[in-house]
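Asker: Okay, here's what each chain looks like letter by letter:
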Amino acid sequence: MRLLWSLVVLLCSSTTCITSRRHPTITKRALKEVRRNVAALSTHGRDQDLLLYLRSVEASYGTLLLDDELPSILLYKAVALYNAQNMSEAEDTLKLATEHYPSDSRAWINLGTALHASVAICRLHSFQRSLYQLHCWIG
Amino acid sequence: MSFAQLSEVIISTALLDRIGEIQVQTFKLEAAIASFQRAYQLGDRSALPRSLRTRGWSVSWADFELYSSYIEKSLNRCLRNISECEVDSSGGIEYADVEGSAQVVMSSINPNAATALHPIPPEDVAPLWTSSGSRRLKVGLMSSDFGVHPVSSLVRGLIQLIDASRVELYCLSLTSKMSWWGQNITNAVEHFVELTGLNFEDAAMEVTSLGIEVLIDLNGHTLHGGLNIMAYHPSPLQMTFLGLPTSTGAAFIDYFLSDPVAVPPEHCHHYSERLLLLPHCYMVNDYALLQGDVLKFTGKYRAPRAALNTSSTADTSSATKLIATLSNSMKMDPEIFAVWTNILRRTPGTRMAIMEYQGHEVYMRHLHAHSDYRGVRQERLVRTHQTAWIDHLYAKTSIDLVLDTRVKNGHTTGLDGVWAGVPTITLAGDSSSEARAGESIARGLGSSFGLTYSLKEYEDLAVSYLRGSRLSKRDPPVSSLLKRRVVVEGKEEEDEVDLDPLSILRRFVEQRRSQAPLFHTQLWTSSFTRYLQAAWELLHISRASAAAFNATTSEGRGTDSQKYNRKHLFHLFSNFMDDAAPPHSITGEQNPAFLVRQEYPLEGSLIAAANRARDASLGLDPLICAQFNRGATGNSSVKLNNTTLGKKSPKQRATTTITEQQQQQSPKGVRARRQQESCPCPGGLKDGDDCSCTYPPIPDYVFDGRLISLNIGE
Numbered sequence: 140m141r142l143l144w145s146l147v148v149l150l151c152s153s154t155t156c157i158t159s160r161r162h163p164t165i166t167k168r169a170l171k172e173v174r175r176n177v178a179a180l181s182t183h184g185r186d187q188d189l190l191l192y193l194r195s196v197e198a199s200y201g202t203l204l205l206d207d208e209l210p211s212i213l214l215y216k217a218v219a220l221y222n223a224q225n226m227s228e229a230e231d232t233l234k235l236a237t238e239h240y241p242s243d244s245r246a247w248i249n250l251g252t253a254l255h256a257s258v259a260i261c262r263l264h265s266f267q268r269s270l271y272q273l274h275c276w277i278g
Numbered sequence: 004m005s006f007a008q009l010s011e012v013i014i015s016t017a018l019l020d021r022i023g024e025i026q027v028q029t030f031k032l033e034a035a036i037a038s039f040q041r042a043y044q045l046g047d048r049s050a051l052p053r054s055l056r057t058r059g060w061s062v063s064w065a066d067f068e069l070y071s072s073y074i075e076k077s078l079n080r081c082l083r084n085i086s087e088c089e090v091d092s093s094g095g096i097e098y099a100d101v102e103g104s105a106q107v108v109m110s111s112i113n114p115n116a117a118t119a120l121h122p123i124p125p126e127d128v129a130p131l132w133t134s135s136g137s138r139r140l141k142v143g144l145m146s147s148d149f150g151v152h153p154v155s156s157l158v159r160g161l162i163q164l165i166d167a168s169r170v171e172l173y174c175l176s177l178t179s180k181m182s183w184w185g186q187n188i189t190n191a192v193e194h195f196v197e198l199t200g201l202n203f204e205d206a207a208m209e210v211t212s213l214g215i216e217v218l219i220d221l222n223g224h225t226l227h228g229g230l231n232i233m234a235y236h237p238s239p240l241q242m243t244f245l246g247l248p249t250s251t252g253a254a255f256i257d258y259f260l261s262d263p264v265a266v267p268p269e270h271c272h273h274y275s276e277r278l279l280l281l282p283h284c285y286m287v288n289d290y291a292l293l294q295g296d297v298l299k300f301t302g303k304y305r306a307p308r309a310a311l312n313t314s315s316t317a318d319t320s321s322a323t324k325l326i327a328t329l330s331n332s333m334k335m336d337p338e339i340f341a342v343w344t345n346i347l348r349r350t351p352g353t354r355m356a357i358m359e360y361q362g363h364e365v366y367m368r369h370l371h372a373h374s375d376y377r378g379v380r381q382e383r384l385v386r387t388h389q390t391a392w393i394d395h396l397y398a399k400t401s402i403d404l405v406l407d408t409r410v411k412n413g414h415t416t417g418l419d420g421v422w423a424g425v426p427t428i429t430l431a432g433d434s435s436s437e438a439r440a441g442e443s444i445a446r447g448l449g450s451s452f453g454l455t456y457s458l459k460e461y462e463d464l465a466v467s468y469l470r471g472s473r474l475s476k477r478d479p480p481v482s483s484l485l486k487r488r489v490v491v492e493g494k495e496e497e498d499e500v501d502l503d504p505l506s507i508l509r510r511f512v513e514q515r516r517s518q519a520p521l522f523h524t525q526l527w528t529s530s531f532t533r534y535l536q537a538a539w540e541l542l543h544i545s546r547a548s549a550a551a552f553n554a555t556t557s558e559g560r561g562t563d564s565q566k567y568n569r570k571h572l573f574h575l576f577s578n579f580m581d582d583a584a585p586p587h588s589i590t591g592e593q594n595p596a597f598l599v600r601q602e603y604p605l606e607g608s609l610i611a612a613a614n615r616a617r618d619a620s621l622g623l624d625p626l627i628c629a630q631f632n633r634g635a636t637g638n639s640s641v642k643l644n645n646t647t648l649g650k651k652s653p654k655q656r657a658t659t660t661i662t663e664q665q666q667q668q669s670p671k672g673v674r675a676r677r678q679q680e681s682c683p684c685p686g687g688l689k690d691g692d693d694c695s696c697t698y699p700p701i702p703d704y705v706f707d708g709r710l711i712s713l714n715i716g717e
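Line by line, the protein sequences give chains A and B. Going letter by letter, the first sequence gives residues 140 to 278 in this note's numbering. Going letter by letter, the second sequence gives residues 4 to 717 in this note's numbering.
Calculated directly from the structure, the hints in this document are not laboratory data. Hints should not be assumed to be uniformly reliable.
In silico EDC-like cross-links for lysine to aspartate or glutamate, where the CA-CA straight-line distance does not exceed 20 angstroms [said to hold, decoys possible]:
#, chain 1, residue 1, chain 2, residue 2
1, A, K167, A, E197
2, A, K234, B, E460
3, A, K234, B, D47
Please work from the sequences and hints to get the whole structure.
Answerer: Put into structure tokens, the structure is as follows:
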């Protein structure tokens, strides 16, 4: 039994170890690489590139729920979507992030901010509606 | 299906859609508050200020004082030690009365952008006036709100009237949404560039490649603004204006554009930017161009109250007077609402119209609960639906008195009220520019009418007007307003005389709105252009001085020079409402008239130069150094020194000017003044060092027939 347990520990410390409970196929090295890229793109404000990169990651693994580390990769995606003015998708991603990482307070704060912002945007839509009445009025 | 049935289905679908949208908004506001609460429960205290802002929108004032005092404490802590900041631009810092709060570090800005900042070579800051003539200044207005947005509607006139022979204007749009504005206004712009779908750095490179010299942000810290792009410093001179009238707190923004009423010069320590104070109310608009027809709806031609599109249950016809607030729920606060309910209690028969903006289902419910609690029946708060844009000012002429909000004054809505001819009562705020917009509008109208300085005065003034009390000495002279001849459909008619004070005051507003510079878009645009040119020229001077300084000083000193190079910019002032100011002509060219106030080395020479420029032209009063001393730790302290504003007689002014000039031109005087002011040290020196001993030698400037050239002494 002790030997078996040592074997498990040895396997987990190797590069082929399955580190994530959520995703069985990603290696520790690959996960580290993804995180490093995501953090670099995010901190340099390259939101469009980040979204492209995450699309390729998602295509490779079928999900962005790769590990339990915070900030989650979903949160990076949501912030990039928000900055890229894709508000509805940002909101959905944040809901997903709060669902899967309920203890991530940043996700909750960002969700609140996105919800608040969407109300602000709707104010503008309402303003636009009133402007469209001008068109009707003209003609 | 018949056409009638089809129409019914379409209408009911649209109605359901609208109801659904309202429910979604209601849900979203409440869900946002719940999200912030969850984050707070998880131990993230920065959720609290954000929650306060969302609560402000939905008028959830249950524990408002508790929240705002918490934010005050957080801000004070943050100002003491920047690493302890729990608040940023998205927290409700506007609800806290803390000096310098606007300069709290803004976490939404990508901090790495600052490291990508590269120095701009002096040759990129070419002068506007040369011996071979003048050239156009390349100006970019950057906004995510080009389209259907109040900011766009305000700058529309500026875009259309700006002098193309002086300015090459670029509109840099951060959104690609098609709209009425996009279709109709975009064509009027010389260059319209979309920066959507680009990374911030790429967008910054695009701006640089366009060669834009003055980049003006119209968002501030609002949704999807361009500060993250400006952080890369794509243009030599960067400014912020209009979108959010508070400091960005960003080191890469050089100037904050406003006016001396909204931002009194002595408040400069609330701003991380230099101030560029325009002579008139900073809120540019084009009401006179686009909504001129409203001017004829006066006296008996005012809109009936039914035009206000109130909710079906509200009865405004029986109200003796109809007061209104045109601001949205976000700008209301418990204190001002208490005053409004007091006014309603003291003037029975008066009703108050509240505009329905998004989320009104939530905030109206809360407002009704608050009014019940304060002993005012719910039906006295009249819900007013949004009116079609073409009619909204006409509808607003039916209002008798507008009551402004306190924490944030009405800006576009404030102008709406004045253009509709409605007397407005506003409370002059203290430090926040957002709370001083009402005063700026009132002064822009050339009057202090409706301005109050305490909530008690605000309430009493409103009650006296609504009760029909006699006008007091502080009100505008009324004798000239009692009779008036108006032209209606080509015929001249005698307008009826009405001794009701509100009617007299309305006449006063109606008279002033077509005369005062507040709505004079051409005048405003002209001043704006001159000030941009002045700012650019000053940058050119400082760059030239730094380059010369580098060339003449030893190695090491040059590093210091480069460090303070960017900071070597100035506040620009002019006397408020100085309409008659002629453009001074040192060179025969029409150069911008300006005053400078400086804070960094080389200042003595530059202010002397500015004084000479002033002597040659306007004779404006100098504004002497009000130091904003920011230490290396990020702590800020304020030292206000001798400030002379335009309140002296010309004789006194001349005497003062000569004395100041002599003092400033004398190296001893400069040194003594520096010691006295404990001025901020240039890069490489620590705060508290004896700056006077380590300053480099001061070069001097002389006029060369153009503007200012450099003559290195010693």
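Asker: Decide, hint by hint, whether the structure agrees.
Answerer: Tested hints:
1. Proposed proximity of A:K167 and A:E197 is supported: the alpha carbons are some 17 angstroms apart, at most 20 angstroms.
2. For the hint pairing A:K234 with B:E460, the CA-to-CA distance comes to about 48 angstroms; that exceeds 20 angstroms, so the pair is violated.
3. Of the supplied pair hints, the one linking A:K234 and B:D47 holds, its CA atoms being roughly 18 angstroms apart against a limit of 20 angstroms.
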